[in-house]
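Whenever a hint applies, use it, and build me the whole structure from the sequences.
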Amino acid sequence: MNTSSVWVAIVAFGCGSYALRVGGVLLRARVTLSRAVEKSLERSIVVLLLAVAVTSTMFDGHELSGTARVLGVAVGGLLAWFKAPLVVVVLVAAGTTALLRLAGVV
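Using the numbering used here, the first residue of the sequence shown is number 160, and each one after it goes up by one.
Since the hints were derived computationally from the structure, they do not count as laboratory data. Note that the structure is a prediction, hence the values are computed from the model and not measured. Even for Gly, the Cβ is constructed at its ideal location relative to N, Cα and C. There's no promise every hint is true.
Across the chosen pairs, the derived CB separations fall in these ranges [what the hints assert, rightly or not]:
| hint | residue 1 | residue 2 | range |
| --- | --- | --- | --- |
| 1 | 202 | 180 | 16 to 26 Å |
| 2 | 201 | 162 | 35 to 45 Å |
| 3 | 176 | 261 | 34 to 44 Å |
| 4 | 216 | 174 | 39 to 49 Å |
| 5 | 257 | 190 | 41 to 51 Å |
| 6 | 229 | 204 | 21 to 31 Å |
| 7 | 201 | 260 | 11 to 21 Å |
| 8 | 223 | 261 | 18 to 28 Å |
| 9 | 205 | 184 | 14 to 24 Å |
| 10 | 260 | 214 | 13 to 23 Å |
| 11 | 257 | 186 | 40 to 50 Å |
| 12 | 264 | 174 | 36 to 46 Å |
Listed below in structure tokens is the structure:
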């Protein structure tokens, strides 16, 4: 993939994202969604974010990431589950990954 195609993809993604946001604001007063549809949309957002998080955790480019990253993210996820502040979650997850890598866990 060359540089120009990456820039085209970035611009297209940005324009699409902006169009979705503007469309939501403009159409919210005109379109009424049922409670079931709204609940499905909320769940789909969570699923999409979870899929991105898992993919980013498990893969580094085209290869599997190391055990240290997976364990660091797991520790961060556990802290987030118990509603720790975001700064604490990020710092402890990064620290866990760093310490594991320092100890030789790849």
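Each hint, compared with the structure:
1. 202 <-> 180: 16 to 26 Å: Given range 16 to 26 Å: holds, Cβ gap about 20 Å.
2. 201 <-> 162: 35 to 45 Å: holds, 37 Å
3. 176 <-> 261: 34 to 44 Å: holds, 38 Å
4. 216 <-> 174: 39 to 49 Å: The hint (39 to 49 Å, Cβ to Cβ) is violated, given that residue 216 and residue 174 are roughly 29 Å apart.
5. 257 <-> 190: 41 to 51 Å: holds, 48 Å
6. 229 <-> 204: 21 to 31 Å: Hint holds: Cβ distance 24 Å, inside 21 to 31 Å.
7. 201 <-> 260: 11 to 21 Å: The hinted range 11 to 21 Å is violated for residue 201 and residue 260, with Cβ atoms some 36 Å apart.
8. 223 <-> 261: 18 to 28 Å: Hint holds: Cβ distance 21 Å, inside 18 to 28 Å.
9. 205 <-> 184: 14 to 24 Å: holds, 22 Å
10. 260 <-> 214: 13 to 23 Å: holds, 21 Å
11. 257 <-> 186: 40 to 50 Å: holds, 46 Å
12. 264 <-> 174: 36 to 46 Å: Because 42 Å falls inside the window, the suggested range holds.
Going through the hint list in order, the structure does not satisfy hints 4 and 7.
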